[in-house]
Amino acid sequence: MRISVEVNGQRFEEEVEPRLLLSDFIRHRAGLTGTKVGCEQGVCGACTVQLDGEPIRSCLMLAVQASGRAIRTVEGLAPNGELHPLQRAFHEAHALQCGFCTPGFLMSMEAFLREHPEPRREDVREALAGNLCRCTGYLGIIEAVERAAREMRGADVQGG
Amino acid sequence: MKPPPFEYQAPASVEEALPLLGPDSAVLAGGQSLVPLLNLRLARPELVVDLNGIAELDYIHADDGVLRIGAMTRQVALERSELVRERWPLLHKAVRFVGHAQIRTRGTVGGSVAHADPAAELPVALAALRARFLLRSPRGERVVGAAELFVGPLSTSREPDELLFEIEVPEHPAGAGAGFSEHARTHGDFATAGAAAVVVPGSHAGIALLGAGPVPARAEAAEEALVGGASAREAADLAVRDVEGEHRRALCGELARRAIEEALG
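First to last, the protein sequences are chains A and B. The numbering of the first sequence is my numbering, which starts it at 1 and goes up by one. The numbering of the second sequence is my numbering, which starts it at 1 and goes up by one.
Please note that a few of the clues may not be correct.
Quick partial rundown of chain B residues pointing at chain A, CB under 10 Å, derived from the structure [said to hold, decoys possible]:
id, residue
1, M1
2, E7
3, R106
Everything labelled a hint here was simulated from the structure, so no lab data went into it. Keep in mind that this is a model prediction, so the values were computed, not measured. Quick reminder that beta carbons are idealized off the backbone N, C-alpha and C, glycines included.
Throw the hints in and build the complete structure from the sequences for me.
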């Protein structure tokens with residue numbers, strides 16, 4: 001089937017089999033390998049991307065279903081090479097070790113912070129439940145999300 | 001793993017979808033259960049019928065006090081609906097326990113019902129609310145309750161050529177409180193056990209258990225006892241009377257008590 005998918009603002013027109021997963025489309029057709037593939041059954045959250053701004057598991061969607069829709073991946077967080085406040089906070093708070101799970105966390109948390117600019121710690125913990133990290137023990141990740149939330153609120157104030 | 005090859009159709013209307021349904025086709029709603037089954041190759045349908053292009057199946061509205069939910073309504077839409085939060089609070093409480101935000105973005109109410117996972121929250125809440133399920137096929141339309149729809153784990157009385165197209169939820173009785181509680185190893189993981197309750201002291205009770213048996217089922221003896229003045233503890237004990245296994249019985253009983261107490265406010 002012929003599909004046309006927008007990924008990070010760029011249009012990809014491709015011929016695909018219906019069984020091609022969106023996660024594999026992103027990695028192998030769009031060539032964006034920031035999105036990781038972990039369990040391929042919707043549990044680990046490593047493949048989380050945004051579909052029209054909402055977080056989804058890209059391993060649980062067929063590429064053909066994304067035709068005409070807009071996908072945002074971790075590469076879309078830092079389009080000009082300048083880190084997104086969340087990425088900076090992950091770096092500063094040691095919220096990653098091996099980094100495999102990080103793109104999924106970032107795409108989940110970017111959507112979460114847009115909806116919850118002033119999250120309580122328990123909300124952050126609940127929001128993190130859909131992404132697994134086997135290295136950090138999560139404390140650094142919680143710290144990073146709270147730090148990013150503070151910074152992003154500050155930026156809003158400064159930016160009017 | 002990757003899905004096995006299949007034919008794919010994405011009809012734009014219910015009318016176009018119906019002739020495609022049959023024993024060799026699988027219905028793709030939100031994909032949060034079917035796609036893992038395809039990836040694991042536990043499901044090998046010849047044809048996948050994708051309902052995501054059918055806009056007429058995506059709605060939440062109230063008619064004469066009855067809530068009508070189109071089968072393709074996303075779980076996140078149910079969660080965000082002010083109408084549901086105010087007038088069917090049990091559904092609002094239950095949907096927040098479904099998977100994670102990333103799952104609820106795509107997952108649908110109809111998909112959760114039709115998949116009939118015994119650990120799923122929405123079928124239990126809908127059973128407690130005495131919801132009715134509307135099925136349509138080229139042969140006509142029929143309406144069934146939870147007891148008739150859910151026949152076993154991952155198994156419903158939906159015929160292969162039938163499409164679940166609407167869930168109809170009667171009004172919360174005036175003055176009713178709602179409670180939902182569950183136990184899962186981590187938030188959003190599959191629940192081990194749970195309970196849903198909607199109660200008006202002295203006049204109405206709807207209680208259903210999750211994980212107590214093969215299907216979500218109302219605990220009718222407990223409902224009657226509660227209306228007759230039993231305490232939350234007594235009703236909960238009755239609700240789990242026939243649950244197998246000491247641990248599971250204790251767990252379901254405690255969760256039922258919490259749900260009933262939450263409903264009683």
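**Asked** Given M1/B as an interface hint, is the shortest Cβ-Cβ distance to chain A below 10 Å?
**Response** At 6 Å from the nearest chain A Cβ, M1/B passes the 10 Å test, so the hint holds.
**Given hint E7/B near chain A, where the shortest CB pair must fall under 10 Å** = 7 Å, holds
**Message:** For the restraint on R106/B, tell me whether the closest CB of chain A is nearer than 10 Å.
**Reply:** At 5 Å from the nearest chain A Cβ, R106/B passes the 10 Å test, so the hint holds.
The structure agrees with every numbered hint stated previously.
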